[in-house]
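Residue numbers (my numbering), protein chains in the order written: chain G, 1 to 236; chain P, 1 to 236.
Please keep in mind that the hints were generated in silico from the structure rather than gathered at the bench.
Some clues are possibly wrong.
Just so you know, same-sequence chains aren't split out, so a pair can sit in one copy or run between any two.
To be verified - Pairs of lysine-lysine, DSSO-like flavour, derived with a Cα cap of 27 Å: (1) Lys219 - Lys58; (2) Lys106 - Lys159; (3) Lys159 - Lys219; (4) Lys106 - Lys117; (5) Lys106 - Lys58.
Note that the structure is a prediction, hence the values are computed from the model and not measured.
Spelled out, the chains give:
There are 2 protein chains.
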Amino acid sequence: MSNVPHHISRQFDNELETIRSDVLAMGGLAEQQFSDALEALIRFDVSLAEQVIENEVKVNSCEVSIDEECVTLLARRQPAAGDLRFVMAVIKTITDLERIGDEADKIARMTINLAEKSVPRSNYIGINTMGVFVRDMVRDALNAFARMDSQEALVTAGKEPESDEQYAALLRQLITYMMEDPRNISSFMDAVWVARALERIADHARNICEYVIYFVEGKDVRHISIEQMEDEVRGG
Amino acid sequence: MSNVPHHISRQFDNELETIRSDVLAMGGLAEQQFSDALEALIRFDVSLAEQVIENEVKVNSCEVSIDEECVTLLARRQPAAGDLRFVMAVIKTITDLERIGDEADKIARMTINLAEKSVPRSNYIGINTMGVFVRDMVRDALNAFARMDSQEALVTAGKEPESDEQYAALLRQLITYMMEDPRNISSFMDAVWVARALERIADHARNICEYVIYFVEGKDVRHISIEQMEDEVRGG
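The shape of chain G in the complex, shown without the other chains (with noise of 0.2 Å):
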């Protein structure tokens, strides 16, 4: 923006950390909303998990208002360069928040149809293991896009095999329980969706630091192993 009057420039910037702070921000709130849904089910809380759905939509229109102030931003001040990388990645990211938002909501949807029946929580704990472990790569992932940080981001993203570990056995588990209790398959089901929704989660989560692998090396770090991943980063 070095060739263009200093006022313009600074509304430019301002616009631009507008956008930011609105991608945090709803970034805090599908957050917590996957936060509130683990919450849920590991309380069986069926109240707090209406709440989750309930703000649902919240979630999706801080993606339909923050795609407009992108589609705004590139038709008023033509960004180039790192500006034009950074609404690229906004326009990436706030879909997978939006993604996050979704399957936390499943989540909660699975919490009410888990507490109106007899399965002992106990069958659970490998579930809320994997949640709290999906919980801190969504938080890391924030964090990575909040001070645009490729290092923290790679980190992140590296953990995302770790949970698909997690899922395959978690899935196995309940396979294994299915098979002992063929009665409760439907409850088992509802586990397994969960499930499904962390495994899910963290794929979103591992997308968002790719897009900030982009937008702070201009390196395109998808569909690539975690080993290339780091190749790419670090190789400078």
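Based on the hints, put chain P in the right spot on chain G.
What follows is chain P alone, placed relative to chain G:
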């Protein structure tokens, strides 16, 4: 583009046309992958399933290269109004096409699992029916994109709730099978994942239709019901 010299305007049009045809090629590829995965599932054809898995990277690399084209176009040409909406619609659409490719890959993997097991094919008739329904939705969504036809997009998006009903019915059926035949639960779970993949693909087809409507009508119709969407489009 009325204030720029004719030859620049034509170059710009060519670049937009290239992006458009690249998205259509990517759409054709994702559709083919999905269609092959279904065919492999119906015929328990392991070698076709392996081919789908092998080709998955092609869909991914389309996403990366079209994203790059969009960034370059945004930086160089600074599109406004309809052209900018088109680029936004493309950026969103290719994410959904990539996910359709992912789901086709999952169906292919489940097909290989299922082919190794002794589950009667008659158990999958419901899945095949839903598969054909969703395949038609994907084809129609891509046709709507190719012609930027918001009416066709509306009709196709309107079929998504029916895919949800088919999915729910399939799931109930598969859970019944599991309860009757608990030893084969893990095979039935593979069928559950196929059903789930189909449900997700229908969502992606609906998303693509929503971007077509966004481009043509200039209205963001995400996160609203099909009825509200009809009002938005037909109400003008």
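Can you tell me if lysine 159 and lysine 219 fall within 27 Å by alpha carbon in one copy, between copies, both or neither?
Result: close within a single copy only, 20 Å intra versus 38 Å inter.
Taking 27 Å as the upper bound on the Cα-Cα distance, should lysine 106 and lysine 159 be classified as within, between, both, or neither?
For lysine 106 and lysine 159, the Cα distance is within 27 Å both inside one copy (23 Å) and across copies (22 Å).
One pair to classify: lysine 219 and lysine 58, alpha carbons no more than 27 Å apart. Within, between, both, or neither?
between (32 Å within a copy, 19 Å between copies)
Go through the copies and call it for lysine 106 and lysine 58: within, between, both or neither, with a Cα cutoff of 27 Å.
within (15 Å within a copy, 32 Å between copies)
With identical chains treated as interchangeable, where does the CA-CA distance between lysine 106 and lysine 117 reach 27 Å or less: within a copy, between copies, both, or neither?
within (17 Å within a copy, 31 Å between copies)
Violated hints for the displayed structure: none, as all numbered hints are satisfied.
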